[in-house]
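**Student:** Please model the entire structure based on the sequences and the hints provided.
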Amino acid sequence: MVKTNRRVGMTVVVVGGHDRLKPQLEEYAKENQLKLRFINRWSPQAPYTLSSADYIIIITGCVSHELVKLAKSCGKKKCIFCRAKGLCRLKKLIDQLKVHA
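The opening residue of the sequence shown carries number 40 in my numbering; numbering runs sequentially from there.
Honestly, the hints are just simulated from the structure, not real lab data.
Subject to a maximum C-alpha distance of 25 Å in a straight line, what follows is the list of computed DMTMM-like cross-link-like pairs (lysine to aspartate or glutamate):
#1 K115 <-> D93
#2 K69 <-> D58
#3 K115 <-> D134
#4 K111 <-> D58
#5 K111 <-> E65
#6 K131 <-> E65
#7 K130 <-> D93
#8 K130 <-> E65
#9 K108 <-> D58
#10 K117 <-> E65
#11 K124 <-> D93
#12 K69 <-> D93
#13 K130 <-> E70
#14 K137 <-> E70
#15 K111 <-> D134
#16 K61 <-> D134
#17 K131 <-> E66
#18 K124 <-> E66
#19 K117 <-> D93
#20 K74 <-> D58
#21 K69 <-> D134
#22 K124 <-> D134
#23 K74 <-> E105
Label-pair restraints from in silico Cβ distances:
#24 G100 <-> P62: 17 to 23 Å
#25 K131 <-> G100: 14 to 20 Å
#26 I119 <-> D58: 17 to 23 Å
#27 K108 <-> Q63: 26 to 32 Å
#28 K61 <-> R122: 17 to 23 Å
#29 H104 <-> Q72: 32 to 38 Å
#30 P62 <-> K116: 26 to 32 Å
#31 K111 <-> H57: 18 to 24 Å
#32 N71 <-> H104: 29 to 35 Å
#33 G48 <-> H104: 26 to 32 Å
#34 P83 <-> H104: 16 to 22 Å
#35 E65 <-> S90: 20 to 26 Å
#36 V107 <-> Q135: 17 to 23 Å
Being a predicted model, the structure only gives us computed values, none of them experimental.
Ideal placement from N, C-alpha and C gives every residue a C-beta, glycine not left out.
**Tutor:** Listed below in structure tokens is the structure:
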């Protein structure tokens, strides 16, 4: 069997939000050849993860001020603030980012 090396498209980091959305968003990312990362709390790897992202989606209302400041300092112009926390809204937002990528 020959393994094909599928190139993953853009990298999106979701900061904040609910953990229950993670499995559905991971499946969606896999179907669309996206690399998706989640940050819900500060960790030593957070600055590197945020710096290497093509886009950072910050879900307001479900994230600490410390993480928002970190995302803004690492991401500069690639931060997108999202008030909605639902799965459909996040999928639409990621679809819009794919068009602009």
